[in-house]
Amino acid sequence: MNPITPSDDSFAETLQRRLGTRADSPHELDAERSAAARAAARVADRATAEGLADVSYASVDSPFGTLLAVATQQGLVRLAFPEEGVDPVLERLSQRLSPRIVESSRPLDPLRRELDDYFKGARRSFDLALDWSLIGPFARRVLGVTSEIPYGNVLTYTEVAAEAGSPRGSRAAGNALGSNPIPIVIPCHRVLRSGGGLGGYAGGLERKRWLLDLETGTGVLVIQPPI
Amino acid sequence: MSNALPPFQRFLDAHRESVWRFLVCSVGAADAEDCFQETFLAALHAYPRLRADSNLRSWVLTIAHNKAMDSHRGRARRALPVADPAAVDPREERSPQARDETLWKAVGELPERQRSAVVLRYLGDLPHRDIATAIGCSEDAARRSLHEGLTNLRKAVPA
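Read top to bottom, the protein sequences are chains R and G.
This note's numbering numbers the first residue of the first sequence as 1 and each following residue consecutively.
This note's numbering numbers the first residue of the second sequence as 1 and each following residue consecutively.
There may be inaccurate statements among the hints.
[To be verified] Here are the simulated distance ranges between beta carbons:
#, chain 1, residue 1, chain 2, residue 2, range
1, R, D127, G, E112, 48 to 58 Å
2, G, T102, R, P110, 51 to 61 Å
3, G, N55, R, G121, 48 to 58 Å
4, G, R49, R, D117, 36 to 46 Å
5, G, E148, R, D30, 30 to 40 Å
6, G, N66, R, A129, 32 to 42 Å
7, G, N55, R, G197, 52 to 62 Å
8, R, L128, G, A141, 51 to 61 Å
9, R, D30, G, R51, 27 to 37 Å
10, G, D70, R, E13, 26 to 36 Å
11, R, A122, G, A46, 44 to 54 Å
12, R, A122, G, R49, 43 to 53 Å
13, G, L50, R, R140, 44 to 54 Å
[Claimed, not checked] Computed far set for chain G versus chain R, every beta-carbon distance over 10 Å:
#, residue
14, D31
15, Y47
16, R113
17, A132
18, D140
19, A141
20, R144
[To be verified] Counterexamples of contact, computed for chain G against chain R with all Cβ distances above 12 Å:
#, residue
21, R16
22, E17
23, D53
24, N55
25, S58
26, D70
27, S71
28, R73
29, G74
30, I135
31, S138
32, E139
Read the hints as simulated data drawn from the structure, not as lab findings.
Glycine included, every Cβ here is placed at the ideal spot set by N, Cα and C.
Construct the complete structure from the given sequences, taking the supplied hints into account.
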């Protein structure tokens with residue numbers, strides 16, 4: 001090799017500059033970034049449309065802030081409140097369901113419409129396919145009973161446990177309700193403590209009260225005061 | 001948590017810019033979109049079988065490199081003009097041809113293995129070990145191809 005030729009490294013730098021791998025201006029860098037972002041969005045939409053993604057997610061506006069909605073090919077599998085954070089929820093789903101997760105809003109359009117109507121008071125039940133695969137066998141019975149409670153009505157934890165075939169299991173029923181992966185749509189807010197206390201709610205008691213007020217329409221909840 | 005694969009969307013977000021830049025430089029702006037789609041859809045297909053401790057960047061650039069090679073071969077078979085000015089939207093992202101035609105042409109004329117080594121090293125920023133994996137040769141051979149590629153480029157295009 002000719003000793004006066006520059007080293008591979010310094011030639012490589014020239015090479016990178018002249019081939020354009022080092023963007024010359026912030027404007028070019030921005031154009032390149034947005035082109036990459038658009039191409040990536042098309043990948044995600046195609047992956048969903050062609051059934052190559054197992055899980056898709058999108059954000060959904062609500063009076064509670066931005067919810068994270070997640071669907072599989074079977075249906076809605078998860079609805080998360082803002083405080084849960086997008087990444088922690090997706091990371092757990094990646095391990096439990098499949099890492100083939102993409103962001104794509106179209107599969108969640110029906111949910112978005114129905115939730116909008118529900119929050120406006122214009123819808124009393126949801127007509128959505130659900131994927132129950134995050135829900136264990138006992139919780140499936142409990143949440144199955146819960147999903148039959150009509151709009152504006154309530155049951156107690158004890159009643160739900162009994163209906164689920166486990167009369168002494170009101171605490172276990174409470175746990176199952178507390179880990180409901182699809183709140184609002186599976187209406188665990190309609191289950192209260194015996195005696196009329198609100199009980200618990202993973203999304204916070206204020207939201208539980210808000211949902212019950214919405215459903216009773218009057219802003220006055222018709223339940224007995226706590227003893 | 002740390003030894004689990006990230007959700008695919010996070011992987012796509014993390015590597016979309018490197019892959020896009022690599023493909024624009026490697027196949028040109030007009031074909032980059034198709035190669036990009038094929039790269040990430042192929043990655044999605046294979047994704048769950050991937051080991052969590054894999055080097056994801058090297059992995060996806062290897063796929064992109066293979067798609068780029070397919071695209072080069074397809075183009076050679078179709079014998080289309082390499083850069084028909086009318087076919088390229090001038091508002092599109094810059095193409096390598098617009099950057100430095102002489103140098104880009106020289107890269108394109110390198111023997112395949114040298115071209116791959118040069119492109120993966122200097123456009124993809126991969127270390128020698130990963131270039132070797134992408135091309136399917138030993139690390140020494142990858143180092144040699146890279147050096148030969150650079151020597152040839154230097155002859156063709158005085159810096």
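Can you list which hints this structure breaks, lowest number first?
Of the numbered hints given earlier, those the structure breaks are 13, 15, 21 and 22, listed in rising order.
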